[in-house]
Amino acid sequence: GFPGIPGRKGEPGESAYVYRSAFSMGLETRVIVPNVPIRFTKIFYNQQNHYDGSTGKFHCNIPGLYYFSYHITVYLKDMKVSLFKKDKAVIFTYDQYQDKNVDQASGSVLLHLMTGDEVWLQVYGEGDHNGLYADNVNDSIFSGFLLYHDIN
Amino acid sequence: GFPGIPGRKGEPGESAYVYRSAFSMGLETRVIVPNVPIRFTKIFYNQQNHYDGSTGKFHCNIPGLYYFSYHITVYLKDMKVSLFKKDKAVIFTYDQYQDKNVDQASGSVLLHLMTGDEVWLQVYGEGDHNGLYADNVNDSIFSGFLLYHDIN
Amino acid sequence: GFPGIPGRKGEPGESAYVYRSAFSMGLETRVIVPNVPIRFTKIFYNQQNHYDGSTGKFHCNIPGLYYFSYHITVYLKDMKVSLFKKDKAVIFTYDQYQDKNVDQASGSVLLHLMTGDEVWLQVYGEGDHNGLYADNVNDSIFSGFLLYHDIN
Ligand SMILES: [Ca+2]
Ligand SMILES: [Ca+2]
Ligand SMILES: [Ca+2]
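Chains as they are written, first to last, in our numbering: chain A, 1 to 152; chain B, 1 to 152; chain C, 1 to 152.
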């Protein structure tokens, strides 16, 4: 007899495509308040809504390795921010301001997160390091994305 | 007669590996001209040639979510650049220069692009913010890569 | 006779998940020595141990395209670092320090690596550009990750 028909196409490789989590948010006004999460409310990307602009926190829904980065416009005052993970400051970025010398400060780090872990930025200290600035033509941005999801 | 031989094995499932787009380009000389794309012509990586050094523009060939980052050496003048997507400035990075105080300014953002979208950097304003500097031992770099391609 | 039975189903698409390499390391003390790799010994992430804190070098185990980024706190002295790949300085980041004006400098780049290639940061010159600073509440960080592994 004739050869059989070809087999069905294989299934897609375990797809990375369901494992997506990313946000990129901008500051809309100067930050005044220390000791609480900074709320980035200008949306560049937040399709999965894992970043909550009302709390300022990124909420991990997919366990894995994440890359976080931030870029801060330093103006009017010195600036120091901490990147928090689960109520613990993980990294600190400090930049001093001098008159007529706006600066840019940035940080990035890879962090492994479990479901439910939260990550955010907040001003360090008691209010003397809140020189974060943003307006319509000056940005301060906080971004993060899932790089590698955990394998079961 | 006898049944035919079995059909051919099916094709492998879809792989993510065809979805690649990345560039990392350096500035080779000071930037003087505002209001046109900055041309980064020193190639660190541009295998897919989606960044065009002759125009200064990244051209999206694969719809999806991209990460863009840039690091600018600020020297001789104040510096302000905009990251453009489709003729619209999306983010602005400003750093003032003071004598004998070379600075570094950087920005990064996640942007969703459709096929044909173009992304580039350009000096903001009328020429008083063009303090971007680079030479053989000082770099200013613009990079981008596809993080998640669109499904379907 | 009858047609043969259908062929076997194809194999699943290749999975990306075995291709993982990433590190994120912090500086623990000021850097004094030029011309040798800077040793980042504070571990934020180094699961695959491809970064060696005892040598300061990242060792490529999976050929492909990598993203490297670093953020340096500039304090007390001017700062200039080079990112090396295989004994050649690929990029240079320079930031001058002025009294009472701590700065942040950063760089990032995409580099294609072969198995065995090493990548590291080191102070440029003869010791007059070693203004890298870090302590318990001030970070300087070096990170890298495999973005796309090479396809055979
Ligand atoms: Ca400045
Ligand atoms: Ca400086
Ligand atoms: Ca400063």
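Mixed in with the good hints, there may be bad ones.
[Stated by the list, open to error] Keeping only pairs whose Cα atoms sit at most 25 Å apart, straight-line, the calculated DMTMM-like set for lysine to aspartate or glutamate is: (1) 86/B / 128/B; (2) 100/C / 78/A; (3) 77/C / 87/B; (4) 77/C / 117/A; (5) 42/C / 117/A; (6) 100/A / 87/B; (7) 77/A / 128/C; (8) 42/C / 150/C; (9) 57/B / 99/B; (10) 100/A / 78/B; (11) 42/B / 52/B; (12) 100/B / 78/B; (13) 86/B / 126/B.
It should be emphasised that the hints constitute simulated quantities derived from the structure, not laboratory data.
Going down the list of hints, with the structure as the test:
no. : hint         : result
1   : 86/B / 128/B : holds (24 Å)
2   : 100/C / 78/A : holds (10 Å)
3   : 77/C / 87/B  : violated (41 Å)
4   : 77/C / 117/A : violated (38 Å)
5   : 42/C / 117/A : holds (21 Å)
6   : 100/A / 87/B : violated (30 Å)
7   : 77/A / 128/C : violated (29 Å)
8   : 42/C / 150/C : violated (30 Å)
9   : 57/B / 99/B  : violated (32 Å)
10  : 100/A / 78/B : holds (10 Å)
11  : 42/B / 52/B  : holds (11 Å)
12  : 100/B / 78/B : holds (13 Å)
13  : 86/B / 126/B : holds (20 Å)
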